[in-house]
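Protein chains: 2
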Amino acid sequence: MTEPYDEANIFARILRGEIPAIKVYEDEHTLAFMDIMPQKDGHVLVIPKQKATTIYDLSDTAALACMRTVKKVGLAVQTAMQANGMSTFQQNGKGSGQTVPHFHIHVLPGSLRDMKGHAVEMADRNVLLAHAERIIACIER
Amino acid sequence: MTEPYDEANIFARILRGEIPAIKVYEDEHTLAFMDIMPQKDGHVLVIPKQKATTIYDLSDTAALACMRTVKKVGLAVQTAMQANGMSTFQQNGKGSGQTVPHFHIHVLPGSLRDMKGHAVEMADRNVLLAHAERIIACIER
Numbered sequence: 001m002t003e004p005y006d007e008a009n010i011f012a013r014i015l016r017g018e019i020p021a022i023k024v025y026e027d028e029h030t031l032a033f034m035d036i037m038p039q040k041d042g043h044v045l046v047i048p049k050q051k052a053t054t055i056y057d058l059s060d061t062a063a064l065a066c067m068r069t070v071k072k073v074g075l076a077v078q079t080a081m082q083a084n085g086m087s088t089f090q091q092n093g094k095g096s097g098q099t100v101p102h103f104h105i106h107v108l109p110g111s112l113r114d115m116k117g118h119a120v121e122m123a124d125r126n127v128l129l130a131h132a133e134r135i136i137a138c139i140e141r
Numbered sequence: 001m002t003e004p005y006d007e008a009n010i011f012a013r014i015l016r017g018e019i020p021a022i023k024v025y026e027d028e029h030t031l032a033f034m035d036i037m038p039q040k041d042g043h044v045l046v047i048p049k050q051k052a053t054t055i056y057d058l059s060d061t062a063a064l065a066c067m068r069t070v071k072k073v074g075l076a077v078q079t080a081m082q083a084n085g086m087s088t089f090q091q092n093g094k095g096s097g098q099t100v101p102h103f104h105i106h107v108l109p110g111s112l113r114d115m116k117g118h119a120v121e122m123a124d125r126n127v128l129l130a131h132a133e134r135i136i137a138c139i140e141r
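Protein sequence lines, in the order shown, are assigned to chains W and G. In case it helps, the numbering used here puts the first sequence at residues 1 to 141. In case it helps, the numbering used here puts the second sequence at residues 1 to 141.
Fair warning: there could be bad hints in the mix.
Stated by the list, open to error - Derived, one-sided and incomplete: chain W residues facing chain G with beta-carbon distance under 8 Å: (1) G85; (2) F89; (3) Q90; (4) Q91; (5) N92; (6) R113.
Keep in mind that the hints were calculated from the coordinates and are not lab data. Model, not experiment: these values are computed from the prediction. C-beta atoms are modelled at their ideal positions from N, C-alpha and C, and glycine is treated no differently.
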């Protein structure tokens, strides 16, 4: 179904440490970091370390690890951003609007209905750092 | 975080067989069926059989089973509806817009950007049945 994994995609480069990311959580199988073009304050991305382009490529280990990380980070996002809920969305394939060809789950506080349009502007780095700090403080260890 | 599970919610009633649903897939841990108020043609819901209100309540078994079913059913939805991709979204808690208090993942062909607004009208049952038939035919056994 999916194309060969593109080693040059931006999330692969983040995982290799070639470009920076504002990380909020990391474990053996997953990484969570601030979306630099947030559609809402507190917008975090959860990715597997597995080289998976879409959900169809995910191993069981990576799939479960992503769900666990969404639970952990999602609760922190919701709490840190003082929202009464948390939403996720996820896209697979060019016809879905997926822009980076490495599987990722968008995690946002509250509802998806009041999001800004997709990836229109870079957030101020200091604002992202402040949000990340609040989220990290709320992650249960 | 979440409220006690509401045994009277509509998905609990579907799981108990008290009200009908147009099912496209079922296994030991999950059920997938047509959303009767589709935001797009081919809109399917994947739910765990576990009594989980939100993602925070999901067991590892249920979480992995949901991911596996989304992969299987999502590919069928995408193929059946002739879309070049598949998207999912998922809401947790009243402030997220979650309307049924049983964990569910929305699975849609293509992009989320061309969805109709949330749950505005019931689809024609024969149209849903026709879509379900196409999706079921595309599920890999």
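Tested hints:
Given hint, G85 of chain W at the interface with chain G, holds; its Cβ is 3 Å from that chain's nearest Cβ, closer than 8 Å. The beta carbon of F89 of chain W is positioned within 8 Å of a beta carbon in chain G (closest approach about 4 Å), and the interface hint is therefore held. Nearest Cβ of chain G to the Cβ of Q90 of chain W: about 5 Å, under the 8 Å cut. The hint holds. Against a cut-off of 8 Å between C-beta atoms, the interface hint on Q91 of chain W holds, since the closest Cβ of chain G lies about 5 Å away.
A distance limit of 8 Å between C-beta atoms decides the matter here; for N92 of chain W the minimum to chain G is near 5 Å, and the interface restraint holds. Below 8 Å, beta-carbon pairs count as interface contacts, and R113 of chain W has one with chain G at about 6 Å; its hint therefore holds.
Hint check: no violations occur; every hint is consistent with the structure.
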